[in-house]
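Undergrad: Guided by the hints, dock chain H onto chain E, whose structure is given.
Chain by chain, the residues:
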Amino acid sequence: MSASIISIFIVAIFIENFVLNQILGLCPFIGVSNKIDSAVGMGLAVTFVMVMAGVATWSIQAFLLVPLKLEYLQTISFILVIASLVQFVEMVIRKTAPALYQSLGVFLPLITTNCAVLGVALLNIKKNYGLVESAVNSFGGGLGFFFALIIMAGIRERLDVSEIPEAMRGAPIAFVTAGLLATAFMGFSGLV
Amino acid sequence: MNKLTELTKGIWKENPIFVISLGICPTLAVTSSMTNALGMGIAATFVLMGSNLFISLIRNLVPGKIRIPVYIMIIATFVTIIDKMIAAFSPALSSSLGIFIPLIVVNCIILGRAEAYASKNGPVDSLLDAIGMGIGFTIALSCLAFFRELLGEGKLYGFPIPFFKADPALIMIMAPGGFVVFGLLIALKRFMEAKGATK
Chain E
293 MSASIISIFI VAIFIENFVL NQILGLCPFI GVSNKIDSAV GMGLAVTFVM VMAGVATWSI
353 QAFLLVPLKL EYLQTISFIL VIASLVQFVE MVIRKTAPAL YQSLGVFLPL ITTNCAVLGV
413 ALLNIKKNYG LVESAVNSFG GGLGFFFALI IMAGIRERLD VSEIPEAMRG APIAFVTAGL
473 LATAFMGFSG LV
Chain H
701 MNKLTELTKG IWKENPIFVI SLGICPTLAV TSSMTNALGM GIAATFVLMG SNLFISLIRN
761 LVPGKIRIPV YIMIIATFVT IIDKMIAAFS PALSSSLGIF IPLIVVNCII LGRAEAYASK
821 NGPVDSLLDA IGMGIGFTIA LSCLAFFREL LGEGKLYGFP IPFFKADPAL IMIMAPGGFV
881 VFGLLIALKR FMEAKGATK
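Read top to bottom, the protein sequences are chains E and H. Heads up, our numbering is the position in the first sequence plus 292, with the first residue counted as 1. Heads up, our numbering is the position in the second sequence plus 700, with the first residue counted as 1.
So that you can see chain E by itself, here it is in the shape it has in the complex:
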């Protein structure tokens, strides 16, 4: 049991990395990876929301939708839960930890439309994970997103000062770099 939990965790971070392998959550990945500081903030906020959302949506599915045979409402209820969760987290952080809010606040509203969050919720259900496994998978997925974002931000800070052909500047070179990074991450596929 514990071995499978660890393997879910490792797989979620490295092998099925949300950004580089499953191609989820690209908008913030490209949009917020200009500076390392904001990448750290965004990565932490996403990890936090992903774990909360993973647990909340799993509970909704198991205790509400399945017993009442309302599985077809999955998409609608999940997005509603995630949106309210993000709103709630924002309010709690603003009240209890103003310093954290200062650094995370601007990223929180963006997370509702981050497809990695809804993606992890749907994948947990699709893979028939239990509550603990869902939480671990969400946490691993969030950490994977965090790592990918920080690596990317580090590379892009250096790309800014290099000579790049006019047409490739900005988004195009970022995508090509992400492609190379994804190739590197494919090397992890034999890990587990």
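You may find that some hints are simply not true.
Pairs of lysine-lysine, DSS-like flavour, derived with a Cα cap of 27 Å [stated by the list, open to error]:
#1 H:765 to E:387
#2 H:709 to H:865
#3 H:709 to H:855
#4 H:855 to E:419
#5 H:865 to H:855
#6 E:418 to H:784
Have a look at the derived ranges for each label pair, beta carbon to beta carbon [said to hold, decoys possible]:
#7 E:453 to H:898: 41 to 49 Å
#8 H:867 to E:391: 54 to 62 Å
#9 E:327 to H:781: 21 to 29 Å
Hints were generated in silico from the structure; no laboratory data involved. By construction, the Cβ of each residue, glycine as well, lies at the ideal position given by its N, Cα and C atoms.
TA: Same frame as chain E, now just chain H:
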């Protein structure tokens, strides 16, 4: 003439993928084959038409403060409809697109058009805008899928192409190929525009 512009602007001038860079997650994930790209394009166009039309009809009834949640609920309803329809009529497509059909809900193109266009314009214009944006999205997906399926599998729509069939580069249909092809295509579009501007 004016109506025609509403329809055509989404196809090239304001193409949602290449110009506004919205909705790139599904773009890269489902473009490993032309069939998937077309399926995704049609599904997104359907959702876009439904949501744009409805949001435009109720735009004066919804209070400004809660408009985003209301829009998301409307979009999610149409996504559920298309999700169940694809699962019923084309199970193969449904399983190859997987979670990317429910993920249309968080596709920024759809909420983006609802907020930027349908909430300010009449139903007819909004519907035309949706069709144009949908076609633009489908064309952009097909562009990417064309290169990826041709180079990665040596096929187009599942039919083998003689010269490319011999030695396909498998990496093109995996995640890295998607990133690289997309980056190069944006660069190409910018390059062509820069050339056009200097002439």
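Undergrad: Please go over all the hints and tell whether each is borne out by the structure.
TA: Structure-based check of each hint:
Straight-line distance between C-alpha atoms of residue 765 of chain H and residue 387 of chain E comes to about 22 Å, which keeps the hinted pair within the 27 Å bound. With a C-alpha separation of about 37 Å, the suggested pair residue 709 of chain H and residue 865 of chain H falls outside the 27 Å cut-off, and the hint is violated. With a CA separation close to 31 Å, the supplied pair residue 709 of chain H and residue 855 of chain H exceeds the 27 Å bound. With a C-alpha separation of about 31 Å, the suggested pairing of residue 855 of chain H with residue 419 of chain E is violated against the 27 Å cut-off.
For the suggested pair residue 865 of chain H and residue 855 of chain H, the alpha carbons sit about 7 Å apart, so the restraint of at most 27 Å is met. Distance check on the hinted pair: residue 418 of chain E and residue 784 of chain H sit about 16 Å apart at the alpha-carbon level, within 27 Å; holds. A hinted range of 41 to 49 Å is violated for the C-beta pair residue 453 of chain E and residue 898 of chain H, which are about 26 Å apart. Take residue 867 of chain H and residue 391 of chain E: their Cβ atoms lie about 57 Å apart, and the range 54 to 62 Å holds.
A C-beta distance of roughly 41 Å is found between residue 327 of chain E and residue 781 of chain H, which places it outside the suggested range of 21 to 29 Å.
The structure is inconsistent with the numbered hints 2, 3, 4, 7, 9, although it conforms to all the rest.
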